[in-house]
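First to last, the sequence lines map onto chains A and B.
To convert, count from 1 in the first sequence and add 509; that's the numbering used here.
To convert, count from 1 in the second sequence and add 6; that's the numbering used here.
Hints in this document: simulated from the structure, not taken from any laboratory.
Where is the CB? At the ideal position from N, CA and C, for every residue including glycine.
Incorrect hints may have been included.
Reference excerpt, derived from the structure (chain A facing chain B, CB under 10 Å, subset only) [as the list claims (entries may be wrong)]: (1) V523; (2) E601; (3) D796; (4) Q801; (5) A806; (6) P813; (7) A815; (8) V818; (9) R820; (10) L828; (11) A830; (12) K841; (13) A842; (14) G844; (15) V846; (16) V848.
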Amino acid sequence: MTIDDLIDDPTTRVIVCCGSGGVGKTTTSAAVAIRAAERGRKVVVLTIDPARRLAQALGLKILGNEPDLVEGVGTEGSLHAMMLDMRRTFDEMVEAHAEPGRAEKILANPFYQTISTSFSGTQEYMAMEKLGQLAATEKWDLIVVDTPPSRSALDFLDAPQRMSKFLDGRMIRLLSAPARAGGRGLRKIVGAGFTLFAKAVSTILGGQMLADASAFVQAFDTMFGGFRERATATYELLRSPGTAFLVIAAPEPDALREAAYFVDRLSTEEMPLAGMVLNRTHPVLADLSASQSRAAADGLRGAPLAAAVLRLHADRVDLAAREERLLARFTKAHGAVPVTRVPVVPSVGDLDGLREIGGHLAAAPARTRTAS
Amino acid sequence: MVTGKGGTGKTTVAAALALALATGGRRTLLIEVEGRQGIAQLFDTPPLPYEERRIAVAPGGGEVRALAVDVEAALLEYFEMFYRLGMAGRTLRRMGAVEFATTLAPGLRDVLLTGKAKETVNRTDSQGRFAYDAVVLDAPPTGRVVTFLDVTRAMAELARSGPIHGQAQGVVKVLHSDWTAVHVVTLLEDLPVTETLEVLDELRAAGLRPGAVIANQVRPQWLPDRSVVAAANGRVDAERIRSGIAAAGLDLPSDVIEGLVSETVEHARQVRGESLALARLAEAPLLELPRLIDGVDLGSLYELAESLRTQGVGLGAAR
Numbered sequence: 510m511t512i513d514d515l516i517d518d519p520t521t522r523v524i525v526c527c528g529s530g531g532v533g534k535t536t537t538s539a540a541v542a543i544r545a546a547e548r549g550r551k552v553v554v555l556t557i558d559p560a561r562r563l564a565q566a567l568g569l570k571i572l573g574n575e576p577d578l579v580e581g582v583g584t585e586g587s588l589h590a591m592m593l594d595m596r597r598t599f600d601e602m603v604e605a606h607a608e609p610g611r612a613e614k615i616l617a618n619p620f621y622q623t624i625s626t627s628f629s630g631t632q633e634y635m636a637m638e639k640l641g642q643l644a645a646t647e648k649w650d651l652i653v654v655d656t657p658p659s660r661s662a663l664d665f666l667d668a669p670q671r672m673s674k675f676l677d678g679r680m681i682r683l684l685s686a687p688a689r690a691g692g693r694g695l696r697k698i699v700g701a702g703f704t705l706f707a708k709a710v711s712t713i714l715g716g717q718m719l720a721d722a723s724a725f726v727q728a729f730d731t732m733f734g735g736f737r738e739r740a741t742a743t744y745e746l747l748r749s750p751g752t753a754f755l756v757i758a759a760p761e762p763d764a765l766r767e768a769a770y771f772v773d774r775l776s777t778e779e780m781p782l783a784g785m786v787l788n789r790t791h792p793v794l795a796d797l798s799a800s801q802s803r804a805a806a807d808g809l810r811g812a813p814l815a816a817a818v819l820r821l822h823a824d825r826v827d828l829a830a831r832e833e834r835l836l837a838r839f840t841k842a843h844g845a846v847p848v849t850r851v852p853v854v855p856s857v858g859d860l861d862g863l864r865e866i867g868g869h870l871a872a873a874p875a876r877t878r879t880a881s
Numbered sequence: 007m008v009t010g011k012g013g014t015g016k017t018t019v020a021a022a023l024a025l026a027l028a029t030g031g032r033r034t035l036l037i038e039v040e041g042r043q044g045i046a047q048l049f050d051t052p053p054l055p056y057e058e059r060r061i062a063v064a065p066g067g068g069e070v071r072a073l074a075v076d077v078e079a080a081l082l083e084y085f086e087m088f089y090r091l092g093m094a095g096r097t098l099r100r101m102g103a104v105e106f107a108t109t110l111a112p113g114l115r116d117v118l119l120t121g122k123a124k125e126t127v128n129r130t131d132s133q134g135r136f137a138y139d140a141v142v143l144d145a146p147p148t149g150r151v152v153t154f155l156d157v158t159r160a161m162a163e164l165a166r167s168g169p170i171h172g173q174a175q176g177v178v179k180v181l182h183s184d185w186t187a188v189h190v191v192t193l194l195e196d197l198p199v200t201e202t203l204e205v206l207d208e209l210r211a212a213g214l215r216p217g218a219v220i221a222n223q224v225r226p227q228w229l230p231d232r233s234v235v236a237a238a239n240g241r242v243d244a245e246r247i248r249s250g251i252a253a254a255g256l257d258l259p260s261d262v263i264e265g266l267v268s269e270t271v272e273h274a275r276q277v278r279g280e281s282l283a284l285a286r287l288a289e290a291p292l293l294e295l296p297r298l299i300d301g302v303d304l305g306s307l308y309e310l311a312e313s314l315r316t317q318g319v320g321l322g323a324a325r
């Protein structure tokens with residue numbers, strides 16, 4: 510697979526860029542989106558938390574939450590870009606789906622404020638929701654999605670379900686009124702322990718918080734079914750043949766370990782993996798071994814520039830060798846996954862920088878030379 | 007406390023710091039709070055249970071112990087102290103009730119985690135000597151660390167009385183005293199340095215004491231200073247390199263020389279980027295740790311600890 514095969518294929522409708530935090534997901538998403546637009550697709554890219562320079566390059570406004578046209582990209586194709594405002598996406602969802610009169614109650618609930626801003630899965634949930642919305646408009650023929658910067662790439666797939674489970678209200682009913690709710694079966698299992706636990710929780714958290722939470726869950730109850738349905742529908746969209754996942758990693762043990770978990774998970778879920786992008790590699794550009802290079806540097810007298818060049822080259826050969834070793838460990842277990850290497854570039858400040866990365870993405874996945 | 011932007015190596019630096027502080031017959035405790043088992047991976051040991059274990063011996067007879075604090079276990083531990091839950095505790099945990107309670111009030115999580123750290127800091131033996139000479143906490147990343155340490159705010163979410171409230175007041179006292187310093191790990195790159203400067207301001211505003219900024223993975227600079235600027239702008243004298251190398255008996259074809267020139271330009275850009283980043287950090291007390299080309303293993307942790315020691319980090323020999 511090359512990136513051009515993927516983006517030129519009109520049946521590709523969604524590309525999801527996943528990976529652990531700090532590996533360059535947002536930059537890769539933007540580079541893929543620009544390349545697709547310039548090859549004729551009508552593209553929208555959903556970014557999550559772009560660095561300031563990247564946001565500027567795409568002309569992103571913080572208070573958008575709707576896609577804006579990026580000027581100067583594509584002639585037949587076009588590029589729209591947006592960054593996710595999770596609080597606003599959540600608010601809009603409540604406003605659109607709650608029964609009249611209930612929306613305000615939910616939005617004003619202190620517990621809702623906590624859930625909509627600091628629950629650990631909210632960002633992932635809202636990214637999925639926004640993806641569903643963008644797909645439903647059918648205004649674009651390709652959606653490129655960046656995923657939230659969590660430690661684990663799996664969070665993107667798991668968080669919505671965790672959140673559904675949290676919001677379904679069973680536990681809150683148990684805690685706020687353990688005597689009435691919960692059903693006899695459950696109480697039989699945990700016995701008096703649960704009543705004590707509920708008492709302890711309410712002592713620690715305070716009665717007010719439980720009351721707020723309970724009021725929130727009650728108000729939310731009527732729209733919960735729809736809520737879960739939407740999440741399920743988006744999840745199904747991710748499993749459909751029009752979706753392709755790109756796993757993004759950097760040549761570091763942690764990032765590659767996360768990438769491996771994610772690749773395994775995609776295969777379990779029967780979700781379509783297009784390939785892995787390995788960012789920030791240091792390919793060797795000169796065919797000269799590290800030991801030869803260092804020996805020559807040691808033998809030099811009175812040529813400080815040449816000696817420095819030989820030493821920095823030797824370091825680079827060692828670094829490239831380490832990167833290839835780490836990658837080999839990954840490919841041993843996941844040999845079928847095509848890997849595209851993208852060499853390290855200075856931080857991206859304009860569209861041309863992103864086009865350059867797009868060029869690297871499209872380069873045939875050749876093996877880097879490892880001088881030995 | 008050791009924080010840093012994700013990917014800067016804060017767990018590695020926290021471990022090296024615990025080793026450096028244990029040198030000379032001291033005992034330190036290294037705590038992790040994010041359930042990642044990062045310490046176990048670093049020291050190449052099986053996953054840590056929720057108890058303090060010796061994981062390394064420091065030069066001069068000291069030792070480092072480690073503790074992976076588990077929020078759910080810590081909460082149940084509290085409940086066990088004040089209410090007799092008995093067997094129900096485990097069932098509740100399986101049901102997700104404990105996770106639910108800590109999700110309901112994210113502040114509760116932070117109070118429990120910092121509370122456990124405080125307990126280890128204050129712990130004394132029967133002669134009244136402190137159990138640990140230093141406690142190093144691998145804290146959450148820069149984006150969340152001030153919230154994490156702002157226990158006063160977290161308490162506002164909780165009931166105004168009750169056992170945890172009392173405990174939290176003790177935590178506030180320790181965190182805002184001279185006993186606590188928050189060190190920030192960074193790479194010498196644009197974004198991590200920006201986050202570092204931001205978090206230093208936030209810490210001061212929250213009444214927490216910033217410690218050192220620790221620049222991690224600093225590259226060796228091979229080029230002479232005067233060549234860096236020119237090379238970073240793409241000006242490299244290829245002929246001088248060719249003839250210089252030829253003097254060492256290596257006659258390289260032109261494509262290899264071209265490759266070396268490109269590598270030199272990239273190196274110079276990185277070096278220039280690092281010195282610009284360093285200049286932005288001029289205000290803060292700074293420590294530097296070298297980039298380890300082969301990655302971090304147990305042996306290199308000792309190297310990093312030694313590097314910190316030569317820069318003045320340490321408690322001196324135990325009395």
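Status of the hints after comparison with the structure:
1. V523: violated, 26 Å
2. E601: violated, 23 Å
3. D796: Holds. Min distance 6 Å.
4. Q801: holds, 7 Å
5. A806: Interface hint status for A806/A: holds (7 Å vs cutoff 10 Å).
6. P813: It holds, given that the least Cβ distance between P813/A and chain B is near 5 Å, below 10 Å.
7. A815: holds, 3 Å
8. V818: Hint on V818/A: holds, closest Cβ of chain B at ~5 Å, below 10 Å.
9. R820: holds, 5 Å
10. L828: With a closest approach of 5 Å, the L828/A hint holds.
11. A830: OK, holds: A830/A within 10 Å of chain B, min 9 Å.
12. K841: Cβ of K841/A sits 18 Å from chain B, so the hint is violated.
13. A842: For A842/A, the interface hint is violated, since the closest Cβ of chain B sits about 18 Å away, which is over 10 Å.
14. G844: violated, 23 Å
15. V846: Given a least distance of 22 Å, the restraint on V846/A is violated.
16. V848: Hint violated; V848/A Cβ to chain B Cβ min 19 Å, cut 10 Å.
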